[in-house]
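Q: Okay, here's what each chain looks like letter by letter:
Protein chains: 4
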Amino acid sequence: MELLDILRSPLCFLQSRLPTIPHLDVLTAEQDWWKTEGVAISGTIDRGGTPWVRMFDRWGKRIDEILYPREYQSMLRKGYRSGVVWRALEENSLIPTYLLMYTISFYDPGVCCPYTVSLGTAVPLAKYGSAEAQARFLPELLRKDDSVWQGATWMTEIGGGSDLGAAVSTIARPAGDGWRLTGDKYFASNAAAELAVAAARPEGASPGVRGLAVFLVPRYCKDGSLNYFIRRLKDKIATRSVPTGEVELRDSEAYLLGAADAGIYLILEVLNLSRVANSVVSVALAQRAMADALAYAECRTAFGKRIVDLPLLRRQFEDRLRTLRSAFALAWESVRLLDQVWMERPPYSDRYHLFRLVAHLAKYWTAECAADTAKWAMEVHGGLGTLAEFGAERWLREAMILAIWEGTPHRQILDGLEVMERKQAHKMLFAQLTEIAPSGELREMESEVQRLLSLPPEQKEAEAEGVFRRLAVCAADQLSRKYPQ
Amino acid sequence: MELLDILRSPLCFLQSRLPTIPHLDVLTAEQDWWKTEGVAISGTIDRGGTPWVRMFDRWGKRIDEILYPREYQSMLRKGYRSGVVWRALEENSLIPTYLLMYTISFYDPGVCCPYTVSLGTAVPLAKYGSAEAQARFLPELLRKDDSVWQGATWMTEIGGGSDLGAAVSTIARPAGDGWRLTGDKYFASNAAAELAVAAARPEGASPGVRGLAVFLVPRYCKDGSLNYFIRRLKDKIATRSVPTGEVELRDSEAYLLGAADAGIYLILEVLNLSRVANSVVSVALAQRAMADALAYAECRTAFGKRIVDLPLLRRQFEDRLRTLRSAFALAWESVRLLDQVWMERPPYSDRYHLFRLVAHLAKYWTAECAADTAKWAMEVHGGLGTLAEFGAERWLREAMILAIWEGTPHRQILDGLEVMERKQAHKMLFAQLTEIAPSGELREMESEVQRLLSLPPEQKEAEAEGVFRRLAVCAADQLSRKYPQ
Amino acid sequence: MELLDILRSPLCFLQSRLPTIPHLDVLTAEQDWWKTEGVAISGTIDRGGTPWVRMFDRWGKRIDEILYPREYQSMLRKGYRSGVVWRALEENSLIPTYLLMYTISFYDPGVCCPYTVSLGTAVPLAKYGSAEAQARFLPELLRKDDSVWQGATWMTEIGGGSDLGAAVSTIARPAGDGWRLTGDKYFASNAAAELAVAAARPEGASPGVRGLAVFLVPRYCKDGSLNYFIRRLKDKIATRSVPTGEVELRDSEAYLLGAADAGIYLILEVLNLSRVANSVVSVALAQRAMADALAYAECRTAFGKRIVDLPLLRRQFEDRLRTLRSAFALAWESVRLLDQVWMERPPYSDRYHLFRLVAHLAKYWTAECAADTAKWAMEVHGGLGTLAEFGAERWLREAMILAIWEGTPHRQILDGLEVMERKQAHKMLFAQLTEIAPSGELREMESEVQRLLSLPPEQKEAEAEGVFRRLAVCAADQLSRKYPQ
Amino acid sequence: MELLDILRSPLCFLQSRLPTIPHLDVLTAEQDWWKTEGVAISGTIDRGGTPWVRMFDRWGKRIDEILYPREYQSMLRKGYRSGVVWRALEENSLIPTYLLMYTISFYDPGVCCPYTVSLGTAVPLAKYGSAEAQARFLPELLRKDDSVWQGATWMTEIGGGSDLGAAVSTIARPAGDGWRLTGDKYFASNAAAELAVAAARPEGASPGVRGLAVFLVPRYCKDGSLNYFIRRLKDKIATRSVPTGEVELRDSEAYLLGAADAGIYLILEVLNLSRVANSVVSVALAQRAMADALAYAECRTAFGKRIVDLPLLRRQFEDRLRTLRSAFALAWESVRLLDQVWMERPPYSDRYHLFRLVAHLAKYWTAECAADTAKWAMEVHGGLGTLAEFGAERWLREAMILAIWEGTPHRQILDGLEVMERKQAHKMLFAQLTEIAPSGELREMESEVQRLLSLPPEQKEAEAEGVFRRLAVCAADQLSRKYPQ
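Protein chains in written order, with our numbering: chain A, 1 to 485; chain B, 1 to 485; chain C, 1 to 485; chain D, 1 to 485.
Rather than coming from a laboratory, the hints here were simulated on the basis of the structure.
A portion of the hints provided could be inaccurate.
Derived Cβ-Cβ restraints for the label pairs, each shown as a range [claimed, not checked]:
1) C/THR50 <-> A/ARG143: 30 to 40 Å
2) A/PRO347 <-> B/GLU2: 42 to 52 Å
3) D/SER225 <-> B/SER349: 44 to 54 Å
4) D/GLN73 <-> A/GLU344: 43 to 53 Å
5) C/ASP261 <-> A/GLU203: 34 to 44 Å
6) A/GLU463 <-> B/GLN459: 58 to 68 Å
7) B/GLU248 <-> C/GLY224: 26 to 36 Å
8) B/LEU453 <-> D/SER225: 22 to 32 Å
9) B/LYS127 <-> D/GLY176: 47 to 57 Å
10) C/ILE66 <-> B/ILE66: 18 to 28 Å
If you want a taste of the chain D side facing chain C, the calculated C-beta under 8 Å gives, among others [to be verified]:
11) PHE187
12) ALA259
13) MET400
14) PRO456
The C-beta atom is built at its ideal place from N, Cα and C for all residues, glycine as well.
With the rest of the complex left out, here is chain A (with noise of 0.2 Å):
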């Protein structure tokens, strides 16, 4: 059994993973309180569904307060506390950031997703604001107190989140030094923020997405009052440690990020730290669904033994660890070479569009291990995996949110299939997986790749799925080569 004991904390299965892990003792500490405090946390608040909002106060003042339970907060502020934010502008890189999130995921997947927001706050702001809303808005994101400002991402409206181009219908007015918002947005994750990033269109703009710009909009306006409302929160059935509503944008203050007619890249590097994200935390819950597995597949018998000792079963883990390596690997290339274009802005490099590649193919295929290992698990659990009582089912549901934002599936294939068209990203790949060692396989894998760019339009697009997926397994093999087997 000893194979399987890395499962059993996040902290063990990256130390097996990588040779130096930098803050090991922060990671520690951030593991200890969630096997001592934050577990039991966790489980309250996705019982508890989604929270209240409450809209008014009781002499009819809008106020939009999220009624959370207090231990939320104290869930919520550990992360930031640790470094979750701050420590990736302080320090200049992005692996602290992600360690910590894969460490916390473990335990909970939702709440890394304020964390990614309020990061993808941070960063654009730290490149791209102006001095004035650096200076006002930048120390109150990376505080190391419980007064630390949350972020938030907010592109996505009622006609959908995939083209923003034709979607975003928020308008955005100039006035005095700044600007004024005014629109909807309908799937706004974090939605007390104190600060909230927003694409919206200034107006006379062009239509598509080159007419887009990204604001700044603060909760607050300068006289006190809410900047934006709260329509509702979403009842999600999962990252409940989220609280994702609709959001009223009415004249809202705001300060343009970037260059007006630039929106789109500001929001295509906000969704590269979330889609990142997203394939550290699919790993993590991969990896949490496995040790929920093995702690009960020891504990249970059948037929005379532990069914953890039964053979079908423990060919299934050893199958699934190996799997959980290789999209681990995947999964820490896409974080390693984010680590290294995180600060370029347009025109971007060669290794900017490797990156690109590796993200969705990360993004996708971590995913859909975690759905699978989840559905798994729940199995080995028998019937009592279909109980809300012992929580095995809470994985399924938190991977199915993990698949779907940042980017349906078919979003990663087709946005994949477009880098490799127009930048050639998979000719880089290729050159980096024979690196790692040459194989036929590999060979082959390229001409299939090739092939399926010189088809025609639409077929193309009709059988791109499953060279898509070959092609992320393949890598995902490949780059776990890298570490120790």
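Chain A is fixed; fit chains B, C and D onto it per the hints.
A: Chains B, C and D only, in chain A's frame:
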């Protein structure tokens, strides 16, 4: 879009598959009722969560009343009236029953559980009950109005559902002209049934499955008091239209079915009925998830098109329709075979063993299809798929229950392995499949099975999953060639 | 126990009070339906809590659909078909309406709210609507089948419900041949009504109540889109069978009722209808709580007796029955008077002012009785009274809503004071009461009222409560002498 | 507004009443914690509803774990640490305990139930436990850290809580050096307590209350397995911070307290502690409801004024403050007297009987005040009072529980009557009241009591309520003259 039109209703799909459909008028009426009335009721029941049990009345009398919405009863009784149970015994055929189940479970997969366990009570009573028990109980179970009794099949105890030989510790003691049962049933579907079939071990019987017997347990004692107690209802993630509870048998009046040492055969015969039901329901669920995805994709637009017209999604619909048809062919083969052998008693014919293999393949594979299709349908809905509000997530919850109850994948694989080893059931299967059309693929598959069977026991079990899965796909594809392409 | 038998059903009690009951067959049918069907539905609705609003459909269209159980609709439509609204206008009498309300609210006090506000829409439309509005809307509100439109009366805004002059900030602007309304209604009963009556202030009108006008607002615009929006439903402690929401009027199409400067009269006329309804429902609720307590006390034993036979409890039943009869007499007097004056328009007759005083006394006192009786009925149930399971606590929750909406006790006292001061309504009241039978007690009560009215303003208001309460009890007791003892 | 300022915090009010307050620093710290932390936790617990019981762990072992939010534990443990139990036995005085309870229950009336029943376990153990039982259990109950054991007092069975002589059917059988209990407890407060006090009837003992004995029942058997089972938690309308369940004793290990035929005395001594607690909590709840109403009325405006400045409402505040002071005086008298007699054993002193009468009057009257004040506070909030969102309605739910548990009004009246008849306790009471200040009113009240006591039995009971109520008011008002006016 004509191709996909058959997805829109269960009868549409059934008619595209089967040359003749008995009692089409009954099925049409059933489908019409569900379209106009049932859909909304089913959604309400699902949203409403697990109902309360009123354990005592206000005057302290134990009553164990389940507080379902009244309209739940109207929904449930509908199917009984239409003949989901009585037709089987009156027409001496299971075909009408499973056709009704397909039709109904497109709209509510859960409600078919009460029907199945009621059938699983009536059939062994009709086959093995004493004349007195038949005279007393059978007419109650076969009534054609709303006063019909419901049945239930209670085998599983806290120790687990797979290894019944070890897990069943309910004790049966002779008492007068009947028996008395004492023990706890842990997953008692249809917990308030008027008559249950329960496994128990007669005092002094041998350990293991050979010492099990099967009994009838009515809800009320002869003196009118409760004959068993509902400790609580399980908070399941789906199938909210069936109350699954923990049941306490306490010196409960019981009537032996068949011989006291032949219980395991009766248990397996009951499982035959429910595994086939599970397969039929799984296919209907997969169709339903596709129908919902289709309805959505026809109205949602992105990049200037209805998303159903985007090449990647269209291809997925076509591929999945093909898979749906194969899965149906496999499920229906299990129906067809069961219809031939359901009245057999031990010792069984070869055809019975062939049925068992097909039933394991079908239970396993159709549930996989259902879960995979439901997951995909959520993804088609994008972010909406993660919201409780729109019900797209319901089908995945329902599918996970189908994957687990009546035996998890592990169980189907290992029991399928056993019937191939001991009864050479695979040879009969390949003979039948070859009759449809011989092929090299079939021959290869048969060799692969032979290779597996010749391995040493531990290894055989360890490697069984892949072979079993490929066998299921191969059989399903081959069987689907019997139906319109 | 014969004395208490009249508590067991609403008609039994009504027949013990009133010499003739029009449409007894209709009422009997209504009562029978509730006994056999409605009771269970009403319990389910109450346990189910506040329903969801589906704000957008899956394709992003705003729909504001309330996801009620289907059986809620069947329950609700029943009363409309029986004539709770159409009979009033067809038979030119409110008696059948309030008799139906008494009968229904014994089983579900909440459902009478939709009826009342529908009546409160139909009546001002019939009295003050333009010929065109009447032709278009009145037939819809008076249909005798399930397609009947529902009405609603929306006055209250976030600033409060008592001081409408200050609180109503909804603005009405002329537009074409109609008006457009913009503002937020904060306690909008029957939030999905097809046609609402709403208070608003025409642009430029004077502040205060004199500047208010009343408008009809249909649910859908002429072009078929939503004409108002449901921001959310309120999570009320009871009356779950009425969806009370926050409603946003946004340039909503509207039709003026009556003169633009006479809105306050129409508002008060609408309130007349609902306050009388509130009184009738309060008495029925008190009867229901007593009926439940009686049923319990007849079966529960302690100290060797049925507890209903213990002297203290028996005395309480007898005393409370007496109070119930008095409360009914007062409530019914408000019905009788309203039936004489409901078609009056300003300037009003003396009888109208007498009605207003009686209505304030009845609204206040019947709600007090309802709450006190419900509290006592909980105590009769002992520990069971504190459990959600048995529903004994429901009547107190319902009663507290009756005590508050349509004006809290403070409101009734102060408005009652005003109609005595300004219109000398108490003199008419004492004249009527003395006609029944003169007494020293009456004379004393009249002097007490006179003393109060002669106090300086601040002191008069400060001391009003005690006098008003005693006047209500005195009037109720005296009026009950008109009915069988 | 200075007058009303003492309503704002529990200590403020206590300091306005009592000349000296022991351990003021402890109480101040307690109050501060509740203001800053506890209020939000308590609100969350109340909104969260009844917690789940996890009856079995994932491996089938019965564990009966209550899934409370973690922060519930922190809230609960706080009071134990502050000394709500250990101070009573260490300082040999109940005053610190009840002062803590007043302070805490202003913020959460429910959490004082666990404290009370823990006290009700420790005290009889200290008075009547064997040396061995004391050595084993008492230190656990008196720990000053979070490992403190909780107690529980389980008397009531399904047959009811008033007539224990008839209702207790739990049987105690001698077993080794201890006993074994078998039976069902129906309202088992603090259901997961480490140590419970339970009433049972030794096999062969006489029927009626004289045959009852009282036992200690630990949660775990000596061998570590569960010693009793939680069948389910009750879904109570309030006091969600105490898990009230149905408990099954099944041959549960138990230890006799006191003599086997003196159980009824111990039961009543335990009830003394909890009835006095109930009185103290009721007054604190009434204060809290007033404090909330005040906070609201100071910010809400109508007719151009803060509503607290409207004469009618201001008068109500003043009148209710007077009533609150009287109710406090009565409750505190019961504390003072209990503090003098709590260590008495039968046969009891006259002072003990005086205490009993005062305790009945206080339990009855303070609960009436609490319910009436909570109802009024809802009305002050207008429509907001009917919404779950703002919590104004919570105090009425809590008050109704206070009115019912520890004996309904009926119980207090009849038991109060008995102690007057049998022990002439009213004579001692009037002597004490007259000492404060003689008055004609007191003499009249005494005659009225005498008249009642001289009636024939049936009539005496029938007419008891009015006299008892007036006696309570009279005693409360008179006692309040001892405190600052």
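Q: Look at each hint and say if it fits the structure.
A: Hints, verified against the model:
{"no.": "1", "hint": "C/THR50 <-> A/ARG143: 30 to 40 Å", "verdict": "holds, 38 Å"}
{"no.": "2", "hint": "A/PRO347 <-> B/GLU2: 42 to 52 Å", "verdict": "holds, 47 Å"}
{"no.": "3", "hint": "D/SER225 <-> B/SER349: 44 to 54 Å", "verdict": "holds, 50 Å"}
{"no.": "4", "hint": "D/GLN73 <-> A/GLU344: 43 to 53 Å", "verdict": "holds, 49 Å"}
{"no.": "5", "hint": "C/ASP261 <-> A/GLU203: 34 to 44 Å", "verdict": "holds, 41 Å"}
{"no.": "6", "hint": "A/GLU463 <-> B/GLN459: 58 to 68 Å", "verdict": "violated, 38 Å"}
{"no.": "7", "hint": "B/GLU248 <-> C/GLY224: 26 to 36 Å", "verdict": "violated, 58 Å"}
{"no.": "8", "hint": "B/LEU453 <-> D/SER225: 22 to 32 Å", "verdict": "violated, 46 Å"}
{"no.": "9", "hint": "B/LYS127 <-> D/GLY176: 47 to 57 Å", "verdict": "holds, 52 Å"}
{"no.": "10", "hint": "C/ILE66 <-> B/ILE66: 18 to 28 Å", "verdict": "holds, 27 Å"}
{"no.": "11", "hint": "PHE187", "verdict": "holds, 5 Å"}
{"no.": "12", "hint": "ALA259", "verdict": "violated, 25 Å"}
{"no.": "13", "hint": "MET400", "verdict": "holds, 6 Å"}
{"no.": "14", "hint": "PRO456", "verdict": "violated, 10 Å"}
Going through the hint list in order, the structure does not satisfy hints 6, 7, 8, 12 and 14.
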